[in-house]
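*Asks:* What follows is each chain in one-letter form.
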Amino acid sequence: MRKKISAVIALVLVLAITLCACGSGSNSVTPNNSGSNTKDFVFKSGSATIAMKAEAEPLLKALGAYKNSYEAPSCAFDGMDKIYSYGGFDLMTYTQNGKDLVSGVVLRDDTVETPEGIAIGSSADAVKKAYGEFEKDATSATYKSENCKLLIIFENGVVTSVQYIALVEK
Amino acid sequence: MSFVSLGFLLFLLILFVLYYALPRRFQWVLLLAGSLVFYAFASPKYLIYIAVTALSTWFAGKLIHDAYAARDAYIKDTPDITKEDKKACKEQAKKKGRRILVCCLILNLGILAVCKYTDFAIGTINSLFGTDIAFLRFALPMGISFYTFQSMGYIIDVSRGKYQAELNPAKFALFVTFFPQLVQGPISRFDQLSQTLYSEHEFEAQKITQGAWRAMWGFFKKMVVADRLVPVVTGIACNPDKYAGGYVLALVFFYTIQLYADFTGGIDITIGVAKMFGVDLAENFDRPFFSKNITEFWRRWHITMGTWFKDYIFYPVSVSKWMLKVSKWSRAKLGPQLGKRVPVYLSTILVWLATGIWHGASWNFVVWGLLNCLVIIISQELEPLYAKFHEKCAFSNTKGWDVFQMFRTFWLMAFLRVLDVYRNVPLTFRMVPTIFSSKGWSEMFSGGMLKFGLEERDYIIVAVAIVIFLIVGILQGKKPVAEQLAEKPLVPRYLIVWVLIIVILVFGAYGIGFDATQFIYNQF
Amino acid sequence: MEELMEILTGIRPDVDFENCTTLIDDKILDSFDIISIITELNSEMDVTVPADQIIPENFNSAKALWAMVEKLQDE
Amino acid sequence: MKKRIVKIVICVVLLAATLFLLQKLLVPKYATTNEEGILSSEYYANAGNNDVLFIGDCEVYTNFSPVKLWRDYGITSYIRGTPQQLTWQSYYLLEDTLRYETPKVVVFNVLAMKYAEPQNEAYNRLTLDGMKWSRTKLDAVKASMTDEETVASYIFPLLRFHSRWNELSSEDINYLFRTEKLSHNGYLMRVDAKPAGQVPDPVPLPDYTIGHKCWEYLDKIRETCEQKGIKLVLIKAPSLYPAWYDQWDKQVVEYAAKYGLEYINFYTLADETGIDYNTDTYDAGLHLNLSGAEKLSAWFGKYLKEKCGVEDRRSDAALAAEWAEREEFYEFMKEAQYKQLREEGAVTRYK
Numbered sequence: 001m002r003k004k005i006s007a008v009i010a011l012v013l014v015l016a017i018t019l020c021a022c023g024s025g026s027n028s029v030t031p032n033n034s035g036s037n038t039k040d041f042v043f044k045s046g047s048a049t050i051a052m053k054a055e056a057e058p059l060l061k062a063l064g065a066y067k068n069s070y071e072a073p074s075c076a077f078d079g080m081d082k083i084y085s086y087g088g089f090d091l092m093t094y095t096q097n098g099k100d101l102v103s104g105v106v107l108r109d110d111t112v113e114t115p116e117g118i119a120i121g122s123s124a125d126a127v128k129k130a131y132g133e134f135e136k137d138a139t140s141a142t143y144k145s146e147n148c149k150l151l152i153i154f155e156n157g158v159v160t161s162v163q164y165i166a167l168v169e170k
Numbered sequence: 001m002s003f004v005s006l007g008f009l010l011f012l013l014i015l016f017v018l019y020y021a022l023p024r025r026f027q028w029v030l031l032l033a034g035s036l037v038f039y040a041f042a043s044p045k046y047l048i049y050i051a052v053t054a055l056s057t058w059f060a061g062k063l064i065h066d067a068y069a070a071r072d073a074y075i076k077d078t079p080d081i082t083k084e085d086k087k088a089c090k091e092q093a094k095k096k097g098r099r100i101l102v103c104c105l106i107l108n109l110g111i112l113a114v115c116k117y118t119d120f121a122i123g124t125i126n127s128l129f130g131t132d133i134a135f136l137r138f139a140l141p142m143g144i145s146f147y148t149f150q151s152m153g154y155i156i157d158v159s160r161g162k163y164q165a166e167l168n169p170a171k172f173a174l175f176v177t178f179f180p181q182l183v184q185g186p187i188s189r190f191d192q193l194s195q196t197l198y199s200e201h202e203f204e205a206q207k208i209t210q211g212a213w214r215a216m217w218g219f220f221k222k223m224v225v226a227d228r229l230v231p232v233v234t235g236i237a238c239n240p241d242k243y244a245g246g247y248v249l250a251l252v253f254f255y256t257i258q259l260y261a262d263f264t265g266g267i268d269i270t271i272g273v274a275k276m277f278g279v280d281l282a283e284n285f286d287r288p289f290f291s292k293n294i295t296e297f298w299r300r301w302h303i304t305m306g307t308w309f310k311d312y313i314f315y316p317v318s319v320s321k322w323m324l325k326v327s328k329w330s331r332a333k334l335g336p337q338l339g340k341r342v343p344v345y346l347s348t349i350l351v352w353l354a355t356g357i358w359h360g361a362s363w364n365f366v367v368w369g370l371l372n373c374l375v376i377i378i379s380q381e382l383e384p385l386y387a388k389f390h391e392k393c394a395f396s397n398t399k400g401w402d403v404f405q406m407f408r409t410f411w412l413m414a415f416l417r418v419l420d421v422y423r424n425v426p427l428t429f430r431m432v433p434t435i436f437s438s439k440g441w442s443e444m445f446s447g448g449m450l451k452f453g454l455e456e457r458d459y460i461i462v463a464v465a466i467v468i469f470l471i472v473g474i475l476q477g478k479k480p481v482a483e484q485l486a487e488k489p490l491v492p493r494y495l496i497v498w499v500l501i502i503v504i505l506v507f508g509a510y511g512i513g514f515d516a517t518q519f520i521y522n523q524f
Numbered sequence: 001m002e003e004l005m006e007i008l009t010g011i012r013p014d015v016d017f018e019n020c021t022t023l024i025d026d027k028i029l030d031s032f033d034i035i036s037i038i039t040e041l042n043s044e045m046d047v048t049v050p051a052d053q054i055i056p057e058n059f060n061s062a063k064a065l066w067a068m069v070e071k072l073q074d075e
Numbered sequence: 001m002k003k004r005i006v007k008i009v010i011c012v013v014l015l016a017a018t019l020f021l022l023q024k025l026l027v028p029k030y031a032t033t034n035e036e037g038i039l040s041s042e043y044y045a046n047a048g049n050n051d052v053l054f055i056g057d058c059e060v061y062t063n064f065s066p067v068k069l070w071r072d073y074g075i076t077s078y079i080r081g082t083p084q085q086l087t088w089q090s091y092y093l094l095e096d097t098l099r100y101e102t103p104k105v106v107v108f109n110v111l112a113m114k115y116a117e118p119q120n121e122a123y124n125r126l127t128l129d130g131m132k133w134s135r136t137k138l139d140a141v142k143a144s145m146t147d148e149e150t151v152a153s154y155i156f157p158l159l160r161f162h163s164r165w166n167e168l169s170s171e172d173i174n175y176l177f178r179t180e181k182l183s184h185n186g187y188l189m190r191v192d193a194k195p196a197g198q199v200p201d202p203v204p205l206p207d208y209t210i211g212h213k214c215w216e217y218l219d220k221i222r223e224t225c226e227q228k229g230i231k232l233v234l235i236k237a238p239s240l241y242p243a244w245y246d247q248w249d250k251q252v253v254e255y256a257a258k259y260g261l262e263y264i265n266f267y268t269l270a271d272e273t274g275i276d277y278n279t280d281t282y283d284a285g286l287h288l289n290l291s292g293a294e295k296l297s298a299w300f301g302k303y304l305k306e307k308c309g310v311e312d313r314r315s316d317a318a319l320a321a322e323w324a325e326r327e328e329f330y331e332f333m334k335e336a337q338y339k340q341l342r343e344e345g346a347v348t349r350y351k
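Protein chains in written order, with the working numbering: chain A, 1 to 170; chain B, 1 to 524; chain C, 1 to 75; chain D, 1 to 351.
Among the hints, erroneous ones may be present.
[Unchecked claim] Below, simulated EDC-like cross-link-like pairs (lysine to aspartate or glutamate); rule was C-alpha separation at most 16 Å, straight line:
| # | chain 1 | residue 1 | chain 2 | residue 2 |
| --- | --- | --- | --- | --- |
| 1 | B | 388 | C | 52 |
| 2 | B | 325 | C | 44 |
| 3 | B | 310 | C | 14 |
| 4 | A | 82 | D | 201 |
| 5 | D | 302 | D | 344 |
| 6 | C | 27 | B | 286 |
| 7 | C | 27 | C | 57 |
| 8 | C | 27 | B | 296 |
| 9 | B | 171 | B | 202 |
| 10 | C | 63 | C | 18 |
| 11 | D | 194 | A | 71 |
| 12 | B | 162 | C | 57 |
| 13 | B | 87 | C | 74 |
| 14 | B | 162 | C | 52 |
| 15 | B | 86 | C | 74 |
If you are wondering where the hints come from, they were derived from the structure by calculation, not from laboratory data.
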């Protein structure tokens with residue numbers, strides 16, 4: 001009888017050793033809450049709501065006349081990068097399958113602000129309240145949503161630049 | 001290191017050259033070394049698992065061997081042994097063997113169960129009791145399901161006295177870790193495999209070239225067809241809300257083709273590679289889609305798994321004392337006709353439950369297993385009806401009827417397999433009926449199918465490949481194609497091989513396979 | 001032997017058990033029939049066929065079956 | 001047994017030949033589409049006797065004209081530039097050139113310092129595929145590969161371009177065994193003009209520090225030039241877009257001062273070089289056209305002559321003959337492009 005018990009104990013021991021070597025691997029299915037699925041960051045100017053990767057054509061109509069437009073062959077391949085300056089902000093587009101899509105919005109002065117109330121000159125705390133924490137005394141904060149990366153740059157605690165950048169898979 | 005990688009080809013080349021350069025007696029040692037290197041590349045951390053399984057099974061085999069040897073010696077040494085004494089000694093040795101077997105089974109099946117099914121169990125408990133136990137996410141060592149079952153088959157055979165245990169641990173380790181069969185099987189039997197695994201092999205050009213052709217045919221199926229269909233299958237399966245109706249039918253069809261090409265292709269590579277080293281592995285497929293009913297299908301698809309489950313689960317269960325009691329009880333209660341069926345159907349259900357679970361740790365595999373079982377039992381019940389139908393209607397034994405049966409079996413299996421892809425039972429049952437709705441059909445035929453990164457040319461290639469599968473299948477009926485190819489004169493023979501290599505390299509869906517004219521100016 | 005033949009024809013009347021010697025090899029009997037035979041043998045003739053005896057040699061013909069039954073009975 | 005070996009050898013050779021031919025057929029030819037792909041391979045036909053070597057990205061192969069430098073100052077030069085050529089690729093192209101000749105001056109355009117890690121597979125192919133196989137090319141491939149690329153796909157381009165089988169055009173057949181000469185010692189000519197107008201202000205970046213890998217390879221360029229007694233000149237071409245931030249410029253100026261190198265930012269010398277962004281650029285300020293490039297080359301030729309002591313080699317008869325041929329090809333292409341500009345209003349091909 002004693003021999004049998006010792007055999008069982010030995011068995012369990014071996015089983016335990018191998019299992020603890022069972023490092024947590026990554027190849028089994030990971031729960032798929034894909035990134036932060038907060039609503040997409042958008043920029044509003046007058047009646048137009050500018051979302052990243054949206055079609056540029058209707059937006060250009062809604063935004064009305066622009067102060068200056070510039071067009072250059074896209075450094076990242078075919079099609080043209082276009083930049084429309086509306087004074088308070090610049091709208092940037094890129095070409096995909098023949099259509100112009102929004103690739104970014106850059107706030108240029110403090111006459112415009114984001115729907116969440118952040119503009120050039122806002123304080124770091126205001127940004128924390130509007131979008132959430134970021135690294136202490138970092139010089140920039142980025143917030144990601146499905147199609148858009150919101151980049152806010154600081155100089156000694158004051159916002160100096162606000163940029164919406166389209167997340168285009170490389 | 002997956003089969004479809006240059007790394008594997010290089011590994012193969014080096015091993016092949018050494019294999020035939022070194023003196024013959026080192027050949028099996030070299031295979032063992034190669035297998036360990038292959039495993040170390042694939043999943044270095046988990047070498048311990050396969051080592052534990054190999055050693056524990058070898059050790060158990062040795063213990064049983066010693067116990068039986070002691071029994072035989074005892075019987076031989078005492079000439080005037082009485083009948084009872086002989087029976088007692090045999091019984092005692094049998095009990096000892098059984099105890100060692102059970103320990104070995106618990107250890108190895110325990111490892112498999114814990115690694116593969118812990119999260120599945122946790123998930124089920126969470127959903128049943130609303131608890132929120134975190135997943136442990138144990139990593140699954142490569143080929144654990146295959147080599148564990150293969151080793152358990154060995155130890156059960158040894159405990160049944162079917163053949164002698166292998167006393168040399170290194171030789172046994174080779175049986176467990178032989179690299180071609182690690183990834184997808186086949187699940188070999190020790191007595192068959194050991195004949196060619198350990199013997200010395202001359203450089204037989206004929207056998208090696210046939211092995212090479214078989215492997216190339218496997219690469220063709222895998223790289224040109226299976227890998228090409230992956231984007232369509234995942235595209236449709238992962239967006240059930242976007243792609244319903246006609247798309248589901250396309251998914252059912254393409255997944256079955258992809259699974260066939262991928263699985264049989266992988267096995268062709270395995271058997272081909274093993275043959276190049278002179279080792280003969282068991283066939284795992286016998287033209288499965290030429291079978292006329294489900295039971296026949298499961299005798300020709302994944303044969304080694306089917307026979308494994310039959311020999312080590314189905315028969316022992318249906319013949320066990322407990323099951324015999326059940327059959328007595330059922331015969332008494334439900335009368336002979338019905339009573340006769342209960343034990344057989346009970347063991348069938350049990351086997352299919354085990355098969356389903358073995359395939360993967362999620363409910364859709366369990367349901368897939370049970371559905372297969374249901375279809376088998378129904379077709380078993382309808383047997384008499386079929387017999388009558390055959391006599392009455394002359395059409396039923398013509399070629400046309402056979403083709404219809406093959407067609408019916410193909411689609412039946414295809415629809416069952418779709419559970420694998422949606423990986424979610426309620427979703428599958430919600431999606432399949434949408435085929436009969438009008439959704440998706442029109443959109444599909446006006447460019448809808450081109451949304452998955454596949455162009456028209458890809459579908460043409462798949463269509464042509466299916467025709468080639470059919471032709472080769474028909475040819476295979478008479479004699480293995482490799483032998484037929486060998487009989488042809490030199491020029492056509494090498495022409496076919498030459499075309500096959502070019503087709504794989506050019507039409508294979510590998511590398512950064514996107515449209516080259518676009519690649520310079522495509523949009524990032 | 002007659003009792004065995006009775007059981008066999010009871011399960012598969014369409015099979016000629018007298019002189020067919022490749023019941024398994026030609027896949028005439030499938031796993032269902034084998035199990036039915038074994039359960040019948042157990043209930044009718046009180047013979048328990050262990051799993052390791054289920055091999056083609058024992059089941060290929062009625063004679064082989066009968067030899068197995070006799071072997072098991074006197075064990 | 002011998003017969004069998006002979007049979008096998010024949011089959012293997014036959015297979016290798018067809019695969020090589022297939023590879024030649026499927027590899028992009030860069031003759032009438034994506035012409036920049038031809039640049040890195042054209043060097044080998046013109047190797048030797050180049051006193052000045054330009055290395056960099058599109059800002060060198062569109063903004064400097066070796067023929068102009070020869071015509072005005074007798075300076076022999078070659079531009080080893082390819083689209084989005086990264087700093088380490090410039091270094092390896094320098095190392096590759098040194099296997100054939102040793103120039104007196106090396107000119108490196110610093111725009112590539114804005115990329116500190118491999119960018120994308122397509123540009124890598126354009127730069128590296130044309131290079132002849134050597135230890136240098138292998139190092140260049142390893143340093144440039146993005147994670148989806150493999151060394152094998154560079155050794156056997158068939159593994160990479162096999163999917164082009166149904167995009168084959170007449171170009172692939174015509175240029176199977178010959179290549180189209182498109183550049184003038186590495187300079188790609190464009191004669192049309194597109195005024196730049198007002199370029200929007202640059203977009204602020206969160207971080208301007210230049211990546212470690214760029215400094216590492218700039219050091220290697222500098223050390224190689226020191227060892228070989230070559231004068232290294234850093235330049236920044238006068239393009240308006242995409243922006244070359246002052247913060248980047250400051251770091252390069254500090255580096256140049258630290259190692260006593262010359263650094264010329266042509267953007268600040270617009271008036272001295274006479275560049276007019278309404279007539280001298282073909283894409284609104286990114287790259288100069290022929291007239292812009294010739295203006296820039298005229299200024300830079302004087303600099304090379306006076307500051308770097310590059311000699312005038314027009315007296316050498318053999319060289320003069322060689323360059324006369326190049327001038328003729330230069331004028332032929334100029335006429336062809338002006339003709340197309342007059343007739344069709346745009347320049348859509350180089351010849």
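*Asks:* Honestly, which of those hints from before does the structure not fit?
*Replies:* 1, 3, 5, 9
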